[in-house]
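Q: What follows is each chain in one-letter form.
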Amino acid sequence: MSILKPDFIKPVAIGAVIFAALAFLPSLVDSYYMSLAISVVSFAVLATAWSMFSGPTRYISLATVVFFGIGAYTVAVLGEVLPFPMVLICAGLAGTVIALLVGFSTLRLAGVYFVIFTFGLTELVRQVVSWYEVNVTREMGRYVFLDITQNDIYWQLLALFAVLLLTGFILGRSRLGFALRIIGEDETVAKHCGIDVTRVKVALFVLSALFMTLTGAIMAPRWTYIDPVIAFNPMLSFQVVIMALLGGPRRLLGPLLGVIPLTLLFEVLTANFPNHFSILLGCVFMVIVYLLPGGVVGLYEKYRAPKKRALATDQNAKSGGNAA
Amino acid sequence: MNTEILLSISGLHKAFGGLIAVNQMQFDVHRGEILGLLGPNGSGKTTVMNLISGALQANEGKVVISGKDITNLPAHKISHSGIARTFQLVRVLPDLDCIENIEAGLAYRTKPLWGDAAQAEALALLERIGLANQAHTPAGDLTYIDQKRLELGRALALQPKLLLLDEWLAGLNPSELQDGITLVRKLKNEGLTIIMVEHVMDAIRSLCDRCVVMNAGAKIADGTPDDVLSDPEVVRAYLGDSHA
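Protein chains in written order, with my numbering: chain A, 138 to 461; chain B, 489 to 732.
Hints were generated in silico from the structure; no laboratory data involved. Everything numeric in this text was worked out from a predicted model, so none of it was measured. Among the hints, a few may not be true.
As the list claims (entries may be wrong) - The calculated lysine to aspartate or glutamate pairs, modelled on DMTMM-like cross-linking and capped at a C-alpha distance of 20 Å, are:
#1 B:K649 <-> B:E678
#2 B:K550 <-> B:D516
#3 A:K142 <-> B:D604
#4 B:K556 <-> B:D516
#5 B:K565 <-> A:D323
#6 B:K676 <-> B:D516
#7 B:K550 <-> B:D710
#8 B:K599 <-> A:D333
#9 B:K565 <-> A:E324
#10 B:K676 <-> B:D690
#11 B:K674 <-> B:E521
#12 B:K676 <-> B:E492
#13 B:K674 <-> B:D634
#14 B:K676 <-> B:D697
#15 B:K676 <-> B:E521
#16 B:K674 <-> B:E615
#17 B:K649 <-> B:E492
#18 B:K674 <-> B:D697
#19 A:K439 <-> B:D583
#20 A:K439 <-> B:D585
#21 A:K439 <-> B:D629
#22 B:K676 <-> B:E655
#23 B:K649 <-> B:E609
#24 B:K565 <-> A:D333
Modelling step: build the complete structure from the supplied sequences, incorporating the hints.
A: Written out as structure tokens, the structure is:
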């Protein structure tokens, strides 16, 4: 791959400048807004990582919180034993191993079976962790007292998001990323083109899970107390799906367009209607699926597409004319 | 004619529940020939194609290409051993443009092409199948015949030794059919070996060196087009007893 081309360098340079500017946010705003910023960036990582796999393949995964929770729990268990970078590496390894197991055992499932499996997996993992805590360690719930400030969490998440976007950008121009798009279009054709579809799907599922796990690990110190019900709350998986679908999961920056408005909306809803949050979340989900099936990106492309296609036909006519 | 055997099928058997779709099929394909696979609807032709290409798994039997046993290998490995195909119901990648559809065939073959080299090769292939002026059109927007051309282009991009055409000439109007026949003959002259499932008799008579006829999952005739088409057994299979 040619890394030194201008159409590679330019977007990466622009991205680097934006992220460098965002790194100064803590010196500009107070802690309430920092907390909001952490929510936005963490959901941005989760929704973008989710879309990396689910966008092209159209496999709807509800396992986001499985990996997020594994990351958070790794920090709860190892946080005071190992230095924090080591803890992150352990979390990443744990998430990768689980994702490999889940990937190889389930990616042969298609459609609704995959959705149900990933949802069931959340419950399974939560129950296994609960069982272990009750019967082996004999303490339900753990405290996370680490010397990590809110600003540290923000910077770590921002760095993770930058790495994720760069990964997604490179992936989008790689053979692996192209293979995933072909699989999303027609899996049978993909196989007959020589693509080992199981391996491609597992590779992307693991990559996506790795970023989810690291998000959970980075977010853990924010809570000070976690138990299985908090760490493996299935609501998180649904929120990520809604955000990605609202934004548009088939473009790298699409999910971000869903994350920003919905994180703000959830903030308003939890503050003003704490008891009706789930109902309102369900309504938001339905409205999005009915009104914006292709997400914000899809809406944009719908209004831009006729122009682009007309242009293509013009060019075709022109080159056809030249040929004649 | 070259008598070297490229593909050899023996004892091939496939059942879907109680229905035996392919029953002890056996035939050879010689290098450089066009073999017609004929038979009434539901006689198991497409199932044989699917068993060869790895889209389905056989219950029994053997598929050997160039001496290599490829029976029941996953489809991507069969593709790597030199077999490419088109589908009975045309399958393009609808949201990708024509160049990308061809690149799908180039990027994962045994000697993969990627980047600028793939783009140049894809354009050359589009030129060859007559779609060069549609390079940036999404495949889903193409007409039926153009989608068929594109699907063939994707199969050719894999640089196969053996090409499986499943009713590739079906549904074309008379002038498109002549174009199609010319294109297939050109591929044969370039040395490609082809198995074609076909109902269009003009195409069979003008293209096929040899025909295998199936009925109810089993082989009932094997020979030159003229011989098999006048075989009483074949006539009975197509038209019923009173015509035989």
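Q: Each hint needs a verdict: does it hold in this structure or not?
A: These are the hints, each one checked on the structure:
Note on K649 (chain B) and E678 (chain B): the hinted pairing holds, with a Cα-Cα distance of about 11 Å set against a maximum of 20 Å. With a CA separation close to 12 Å, the supplied pair K550 (chain B) and D516 (chain B) stays within the 20 Å bound. Restraint check for K142 (chain A) and D604 (chain B): the C-alpha separation of about 12 Å stays at or below 20 Å, so the hint holds. In summary, the hint linking K556 (chain B) to D516 (chain B) is supported, as the alpha carbons are separated by about 14 Å, within the 20 Å threshold.
Between K565 (chain B) and D323 (chain A) the alpha-carbon distance is near 18 Å, which keeps this suggested pair within the 20 Å criterion. Restraint check for K676 (chain B) and D516 (chain B): the C-alpha separation of about 17 Å stays at or below 20 Å, so the hint holds. Between the alpha carbons of K550 (chain B) and D710 (chain B) the distance comes to roughly 19 Å, so the proposed pair stays at or under 20 Å and holds. For the hint pairing K599 (chain B) with D333 (chain A), the CA-to-CA distance comes to about 15 Å; that is within 20 Å, so the pair holds.
Between K565 (chain B) and E324 (chain A) the CA atoms are separated by roughly 15 Å; this keeps the pair inside 20 Å, and the hint holds. Under the criterion of a C-alpha separation no larger than 20 Å, the hint pairing K676 (chain B) with D690 (chain B) is consistent with the structure, at around 17 Å. Taking the CA atoms of K674 (chain B) and E521 (chain B), the gap is near 12 Å; set against the 20 Å cutoff, the hint holds. Between K676 (chain B) and E492 (chain B) the CA atoms are separated by roughly 16 Å; this keeps the pair inside 20 Å, and the hint holds.
The hinted pair formed by K674 (chain B) and D634 (chain B) meets the criterion: a straight-line CA distance of about 18 Å does not exceed 20 Å. Distance hint between K676 (chain B) and D697 (chain B) is fulfilled; the C-alpha atoms sit about 11 Å from each other, no more than 20 Å. Pair hint K676 (chain B) plus E521 (chain B) holds up; C-alpha atoms about 7 Å apart against a cutoff of 20 Å. Of the supplied pair hints, the one linking K674 (chain B) and E615 (chain B) holds, its CA atoms being roughly 14 Å apart against a limit of 20 Å.
Between the alpha carbons of K649 (chain B) and E492 (chain B) the distance comes to roughly 13 Å, so the proposed pair stays at or under 20 Å and holds. This hinted pair checks out: K674 (chain B) and D697 (chain B) have alpha carbons roughly 14 Å apart, not beyond 20 Å. The hinted pair formed by K439 (chain A) and D583 (chain B) meets the criterion: a straight-line CA distance of about 13 Å does not exceed 20 Å. For the hint linking K439 (chain A) to D585 (chain B), the alpha-carbon distance of about 17 Å falls within 20 Å, and the restraint holds.
Between K439 (chain A) and D629 (chain B), the direct Cα distance comes to roughly 15 Å. Compliance with the 20 Å bound is thereby established for this hinted pair. Under the criterion of a C-alpha separation no larger than 20 Å, the hint pairing K676 (chain B) with E655 (chain B) is consistent with the structure, at around 17 Å. Distance check on the hinted pair: K649 (chain B) and E609 (chain B) sit about 18 Å apart at the alpha-carbon level, within 20 Å; holds. Restraint check for K565 (chain B) and D333 (chain A): satisfied, since their Cα atoms lie roughly 8 Å apart, inside the 20 Å limit.
Comparing the model with each numbered hint stated earlier shows that all of them hold.
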